[in-house]
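Colleague: Put chain B on the given structure of chain A with help from the hints.
As they're listed, the protein sequences go chains A and B. In terms of my numbering, the first sequence opens at residue 370 and continues consecutively. In terms of my numbering, the second sequence opens at residue 370 and continues consecutively.
Think of the hints as simulated: they come from the structure by calculation, not from any bench.
It does not matter which identical chain is used: a pair holds within one copy or between any two.
Taking lysine to aspartate or glutamate and the DMTMM-like style, the derived pairs with C-alpha atoms no more than 25 Å apart in a straight line are:
hint : residue 1 : residue 2
1    : Lys-409   : Asp-671
2    : Lys-409   : Asp-693
3    : Lys-573   : Glu-583
4    : Lys-409   : Glu-679
5    : Lys-409   : Glu-672
6    : Lys-573   : Asp-614
7    : Lys-409   : Glu-527
8    : Lys-409   : Glu-397
9    : Lys-409   : Asp-675
10   : Lys-409   : Asp-375
11   : Lys-573   : Glu-615
12   : Lys-573   : Glu-556
13   : Lys-573   : Asp-618
Quick caveat, the model's predicted, so the values are computed rather than measured.
The primary structure of each chain is shown beneath.
Number of protein chains: 2
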Amino acid sequence: MPVDVDALLAGLERGERRALARLLTVIEDGRPDQLRQVVKYLYPRTGAARVLGITGSPGVGKSTLTDAVATRLRAVGRTVAVLAVDPSSPFSGGALLGDRVRMQGHHADHGVFIRSMASRGHLGGLAFATPQAVMVLDAAGFDDVIVETVGVGQSEVEVAANADTTVVALAPGMGDSVQAAKAGILEVADVFVINKADHGGAGKLESELRGMLELGHATAGEDDEVSAWWPPIVRTVAVRGEGVDELTDALTVHADHLDADGGRERQRQVRARAVHAIREIALEQVRLRFVRFERGHDPVLDELADQVVERSLDPYAAADRLLDALEGGEA
Amino acid sequence: MPVDVDALLAGLERGERRALARLLTVIEDGRPDQLRQVVKYLYPRTGAARVLGITGSPGVGKSTLTDAVATRLRAVGRTVAVLAVDPSSPFSGGALLGDRVRMQGHHADHGVFIRSMASRGHLGGLAFATPQAVMVLDAAGFDDVIVETVGVGQSEVEVAANADTTVVALAPGMGDSVQAAKAGILEVADVFVINKADHGGAGKLESELRGMLELGHATAGEDDEVSAWWPPIVRTVAVRGEGVDELTDALTVHADHLDADGGRERQRQVRARAVHAIREIALEQVRLRFVRFERGHDPVLDELADQVVERSLDPYAAADRLLDALEGGEA
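Isolated chain A, as found in the complex (with noise of 0.2 Å):
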């Protein structure tokens, strides 16, 4: 059955919880002439949401922590989208499963949505894939959205980074203080949260993190930009609840900082997704025309490649002629 990607759209317009459900699938299966009808639509319908991203190892409890956040924020009356994206899942349907356990909780709310996401379908992964997920929920209307991803390695620490807020969930006894540092994480924390506090240990790696955080901030070169903001550390124990509040007051404190300043914080912050929506979807294009000719069918390319196996023309030429036919293209 072919998609009506227009129904869908209007659908979205109307509110309709299955067209958005739908226009994910769409966003997953990266379809590129779906992807760019989606975008262009929606792209000047967004800019509402708040976008959150909480990242942590597997096993610190980030699916409860972003749970028990959702439900906080729906009792002060706020929509809320929670988008689990799984990198170690090619297809959607085990996370599907977890998701319908985690909606049991928020069976009958209208103003939860949860959904999980593969990459199945991107070339370039869940760096492209998700922004333009998230672009379908901010223009669903949902007044946060949150993207929880694993935060083991580089590209989905950036996922989660691509965020107004992104929170770093850290637990005691996993020698998770060293492995963050490792990952590049936390240069990405405006917020740090450890959970199982009421694990042994929660001290000793809040005071590892304070010291990394100090001498982060020491190291940091003359030309560094070095931020105002200093990241706090909130304890919480997210499956009894416990903290959680202390974090959705952090999450404000953090909102209001990126307004300050007449918003100078938030514009630096809007302007960065942007260029990493247009960089995403450049290197998509590129990508793409690569697959084209691989299944035979790219006349630009296939001339090309015969040219620099004639030796009539270097690769370096060749690749500038490439994106220069990429504008006019098809893709």
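Modeller: Structure of chain B alone, referenced to chain A:
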């Protein structure tokens, strides 16, 4: 001290070893203008070398195997360059120490050149840098260029597979066959080596491997191009030089296969390599544009980002314009 690339290229043409080494450093450093200059000049001078990829999990004895193959090729009068690609090292300092140790066995021999390469400076990583280093070694006149890389990830496997003949090395007792299937390493092998064949389990590994190859052949779809080439499995004990003659014989048989039917398969490979080079360079051009932007000087991207922030342009339209601008660009 600024690098005089013209002088290095002239030195390379005169066969100067120092110029070769410094050109490889230029490739490693990844300054865009210099890379472009080197490739533009050298590319028409390449195509004579036989490129051999050797990959495998850590601990299978790749470098010992590589050295044994290089020694054997020297014994029959061929000149050999070895490029040991180390994705785990951001700097080549440590690897260079290893080079010196490895050079001991060949220290008086001008027909052997061994160099480690790290990926510093390259946004596109080894998939971008390695083919350019191979061009330098090819243009320098080596009969054989061996690219040795750890087969631990998709891009590392791709680096080794971007060769005339790809050797996948395994060793008994490391759970290798299962790991190999995961990494897509089986598909790229033209020749398999079971190194450390004097250890227990070599027979078991070989029969597992044969089973997987037959399974792969049987499950290939009708659309898949089922190659006429069945990769031979050669057993070696590289530390004692055992089986190395059989391995170099297998390399020759594969080279003959490439040349059969008027060189149809070799032409396909040359073309695949050209396409790979164009793609990686095109992707690098896009990434570079964003690095320049982050450093504060890219008027085109600056203007596009402004328009996306104002929502007068959607990110797809901006990406199109960026790709258009890249061709006329100064990158």
